[in-house]
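**Q** Could you build all of it, start to finish, from the sequences and the hints given here?
Going line by line, the protein sequences match chains A and B.
Letter by letter, the first sequence follows residues 79 to 492 in the numbering used here.
Letter by letter, the second sequence follows residues 79 to 492 in the numbering used here.
To be clear, the hints were calculated from the coordinates, so they are not data collected in a lab.
Please note that a few of the clues may not be correct.
Any copy, or any two copies together, can satisfy a pair, since identical chains are not distinguished.
Keeping only pairs whose Cα atoms sit at most 25 Å apart, straight-line, the calculated DSS-like set for lysine-lysine is [as the list claims (entries may be wrong)]: (1) K325 to K184; (2) K289 to K184; (3) K184 to K464; (4) K175 to K464; (5) K268 to K184.
Source: prediction; values computed, not measured.
2 protein chains.
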Amino acid sequence: MNAEIINIGTELLLGDTVNTHHSFIARELAAFGINTYHQCCVGDNPERIDEAVKLAAGRSDLIITTGGLGPTVDDITKQCVAKAIGKKLVFHQESAKRIEEYFERKGNTFPDTNYNQAYLPQGCIVLNNEYGTAPGCICKGKGLTVIMLPGPPRELIPMWRDSVAPYLEKLSDSVIYSQNVRAFAMSESKADILISDIKTPEGVTIAPYAKNNEILIRVTAKAKNIKLAKKAAEPVAKLVAEKLGDKVYSTGECESLAEKCVKMLCESGKKAATAESCTGGLIAKMITDIPGSSTVFELGEVCYCAEQKNLRLGVPMETIDKFGIVSCQVAEAMAKGVMEKSGADFAIATTGVAGPGGGTPETPVGTVCVAVCGKEFMCSRRLSIKREKDDRDYVRNYSAAYALDMLRRIVDRK
Amino acid sequence: MNAEIINIGTELLLGDTVNTHHSFIARELAAFGINTYHQCCVGDNPERIDEAVKLAAGRSDLIITTGGLGPTVDDITKQCVAKAIGKKLVFHQESAKRIEEYFERKGNTFPDTNYNQAYLPQGCIVLNNEYGTAPGCICKGKGLTVIMLPGPPRELIPMWRDSVAPYLEKLSDSVIYSQNVRAFAMSESKADILISDIKTPEGVTIAPYAKNNEILIRVTAKAKNIKLAKKAAEPVAKLVAEKLGDKVYSTGECESLAEKCVKMLCESGKKAATAESCTGGLIAKMITDIPGSSTVFELGEVCYCAEQKNLRLGVPMETIDKFGIVSCQVAEAMAKGVMEKSGADFAIATTGVAGPGGGTPETPVGTVCVAVCGKEFMCSRRLSIKREKDDRDYVRNYSAAYALDMLRRIVDRK
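**A** Next up, the structure:
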């Protein structure tokens, strides 16, 4: 089955909104073993929607549209699709009632134009919208299946999960299972070389993706059911992890370094604290992004100036004067300080120059000192994060990830 | 001039990478008054790239391609485009030299396949790649202009800024200038009603966009030069801001609440500090995302448990016991505590239940107390952030933005 995605909406076409529907839907389709060969985006324009639907009908079996299901004259996806599959739009009483109820629940007055949303292609499967007014639908005609979904992600995603995914699951005679091996600070070409001699069994593929500072190796298996697919993928993922070595922080159990750290700390019943200068709360934010982090994280300090490093973390002024504010000695003192004050088992500290200003010949932009300590050891690194151009976000994100990677390794040693 | 964007790359098509090129390029084109009517994405497949280029050639004057300029057999964008415009690919000596030098600079050995990247359509304008090996190009033929750009954003964006933008500027006989009015916590429909009676002069349009917790009203003016466009847009933006009232935090001078706060603090020579519980460093992170924030922000505390709120911020245990850890009283005590300890002029504090766990009947998930104080006043709010389903990120982001909006209003009062 060949699928095509048509994203409809002037705000998407003109770039005012980044098109996240495309990647969401394409990945979901892949998980059901459905190939996607084309994606396109057009504005809220009848001729161009018509043209896109016709073109898709000529080359694909399954069309997924997003957007253009609103109540206004702009919203003409259903008309174009109905024409392409040779169906009429008919009034769907139950959907009209749902729309009325939605307005009632919100306490808003009901504009008559919203009844337009209850017109759907004859004989379609209606997809109820729990989070908005526009119902979606699955309709068939002229050898084509078209799934129409509303544009807002908060409506589209639950509708996909609740209605479209179960429908596709029944259609498909195979499932796809992916397991992601993740490693920090490894280049794609390096990973490519390390895994090049892995022979995969039939139905299993390996693909590397470079993402930010990480490499993700996706091991994908296609099989009749999820159990068989898992059984095929797991040993290959394990082999990939062995080949990549200790830079691997997850063979599928975690989606980020922060999640890995929180998981390891939870499992060992330990706590960590943070003392941040140039990362300015980013590491604490990354840790507390993870649900349940409150059991392993109690204190984070953001000390952006020398005085606060001294007052709040007990970093001696002599250390700052002697080694400079951006030094491993200061990072170590910060880590030690916050660990003592918090009673945590581990602590992370950062001090550096994130830029764009503040660089000097001795400590140019991108110089960051990171320290991680436990009860009986201390480890620190001076990083020179070089980019072709200064990039504050990159420097902050890289050093935060580097610090979490150090923490993961140190917790693991225990 | 009608433009079309063709994004090439299997990783984009299959959704492994979100397509950010489309929105970047579409917005840039709009700024030069160039209309975009179509965007499509295909994988690294010769037939489908050919098909996409031919289709675009039949309906657009300007085609922008991204991706498929790499050194491998997969990378066939140039071949397809050259065929469509009736040109041959020829070896470009200078680009070959640049590629060699790039490898030398990186200290890597040079694979011969990389010479493929130096073959470019005859007579094209070569776009040097400062951050990678694949040169881009602008080529013309059969009434068509095609701009080919490399796939990696860190190569594409600088190439656009350094070479493509100046080229398009010369082509265009008009410029577009946009000014964004931003307001926190206002619905799109409410904004729509408030601005509905504004009459815009010719060449000026108003469009509202709902983004996260904000509404952005974009006032766009098309004119012969930037000075005239600004002159047309500015009074309309001012009028929009007046209509929306005090929820507006920027009429174009800032892109985020955090930037607005940092700017106002800088201008008034004041400092702010943060004490965060449920937002866990997010507010500090948002403030320190802004370059130059070190002059207005020196101390942030993340106190995730009652004990640390007491020890580090001086929140009395009786206050916690009497009113509960999620209470305006505790938030106020946290704000007061961090302001005293930091010597800042203002302080923000948050305490709440971000979820998914931790809710109780009295303080369900989404309950967040926010306090902001200055030297002589204190202000706090108990928020009940309701979503159709629990959403930790949403609760954290909304309460962080709410706190920054309170800070902005309080700094403004001074």
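**Q** With identical chains treated as interchangeable, where does the CA-CA distance between K175 and K464 reach 25 Å or less: within a copy, between copies, both, or neither?
**A** Answer is between: at 24 Å across copies they meet the 25 Å cutoff, but 59 Å inside does not.
**Q** First find the shortest C-alpha distance between K184 and K464 inside one copy, then the shortest across copies, and answer within, between, both or neither for a cut-off of 25 Å.
**A** between (52 Å within a copy, 12 Å between copies)
**Q** For K325 and K184, with the copy left unspecified, which applies at a CA distance of at most 25 Å: within, between, both, or neither?
**A** Only across copies: K325 and K184 sit 22 Å apart there, 50 Å inside one copy, limit 25 Å.
**Q** For the identical chains here, do K268 and K184 meet the 25 Å Cα criterion within one copy, between copies, both, or neither?
**A** The answer is between: 14 Å across copies meets 25 Å, while 54 Å in one copy does not.
**Q** Have a look at K289 and K184 and pick one of within, between, both or neither, based on CA distance no larger than 25 Å.
**A** between (41 Å within a copy, 20 Å between copies)
The structure meets every hint from the earlier list without exception.
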